[in-house]
Amino acid sequence: EAGVAQSPRYKIIEKRQSVAFWCNPISGHATLYWYQQILGQGPKLLIQFQNNGVVDDSQLPKDRFSAERLKGVDSTLKIQPAKLEDSAVYLCASSSLAQRGAIGEQFFGPGTRLTVL
Amino acid sequence: KQEVTQIPAALSVPEGENLVLNCSFTDSAIYNLQWFRQDPGKGLTSLLLIQSSQREQTSGRLNASLDKSSGRSTLYIAASQPGDSATYLCAVSTSGSRLTFGEGTQLTVNP
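Protein sequences, first through last, are from chains F and B.
The working numbering puts the first sequence at residues 1 to 117.
The working numbering puts the second sequence at residues 1 to 111.
It is worth saying that the hints were derived from the structure and are not from the lab.
Using N, Cα and C, we set each Cβ at its ideal position, and we do this for glycine too.
A few of these clues could be false.
[To be verified] Ranges of calculated distance between the beta carbons of each label pair, as one might list FRET restraints: (1) F:Val54 with B:Gln54: 29 to 39 Å; (2) B:Tyr76 with F:Leu70: 42 to 52 Å; (3) B:Glu17 with F:Gly53: 39 to 49 Å; (4) B:Glu15 with F:Lys78: 44 to 54 Å; (5) B:Tyr76 with F:Leu39: 24 to 34 Å; (6) B:Glu15 with F:Asn51: 44 to 54 Å; (7) B:Gln54 with F:Thr76: 28 to 38 Å; (8) B:Asn22 with F:Thr76: 35 to 45 Å; (9) B:Thr45 with F:Pro61: 26 to 36 Å; (10) F:Ala2 with B:Glu56: 25 to 35 Å; (11) B:Val20 with F:Ile38: 24 to 34 Å.
[Stated by the list, open to error] Coverage of chain F stretches by chain B, computed from C-beta distances (three or more under 8 Å per stretch; other residues unrestricted): (12) 38 to 52; (13) 72 to 78.
[Claimed, not checked] Straight-line alpha carbon distances no greater than 27 Å define the calculated DSSO-like cross-link-like pairs of lysine-lysine that follow: (14) B:Lys1 with F:Lys11; (15) F:Lys11 with F:Lys44; (16) B:Lys68 with F:Lys44.
Input sequences plus hints: build the corresponding full structure.
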């Protein structure tokens with residue numbers, strides 16, 4: 001079974017530029033997550049999709065971050081304009097729909113390491 | 001607001017030693033708890049998932065326990081090997097399926 005795919009793996013940009021990340025979840029997984037992991041910290045959820053609808057975007061800085069999941073499969077996360085503090089690893093994860101009494105296990109991609117200069 | 005704490009932040013042990021990593025969380029109303037491994041520059045690999053109704057899970061040399069009432073989980077690694085060197089992250093799922101992560105324990109196993 002193929003895992004979660006992400007691209008690019010690395011990106012270096014100047015502050016105030018725009019950047020986009022792409023994620024392809026595990027086939028059949030209805031739920032997709034984007035996390036931000038700052039160096040030395042645990043990942044923080046930015047946005048969660050169920051199929052192509054947003055379930056939770058309470059921690060997404062909406063003035064500069066946006067995400068979409070057209071057709072309920074692939075997803076893109078965009079930052080416009082980027083700030084120095086956006087330097088982090090952006091992780092995508094997916095899970096199957098929760099079964100009764102259990103929440104689906106999340107599987108993570110390799111991440112995109114963003115450096116903002 | 002759920003908060004997850006992992007102790008210690010870093011741990012260095014000789015090869016072959018048994019070790020315990022600790023995780024505590026403030027809100028006991030969780031759906032499940034996951035332990036992950038993260039190698040430098042890589043994504044997260046799921047090690048063990050414990051549902052809220054379970055007390056422990058085992059996989060090979062790994063054993064994770066969950067005590068919801070006290071808000072604690074431990075990850076036990078038996079007969080540690082240099083290949084176990086990585087950062088270990090604990091995460092709990094509360095509302096919906098949002099995961100709240102701790103900051104991790106950086107483990108080094110010396111040959």
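Notebook entry, point to check: Can you give the numbers of the hints that this structure goes against, from lowest to highest?
Noted result: Violated hints: 13, 14; rest satisfied.
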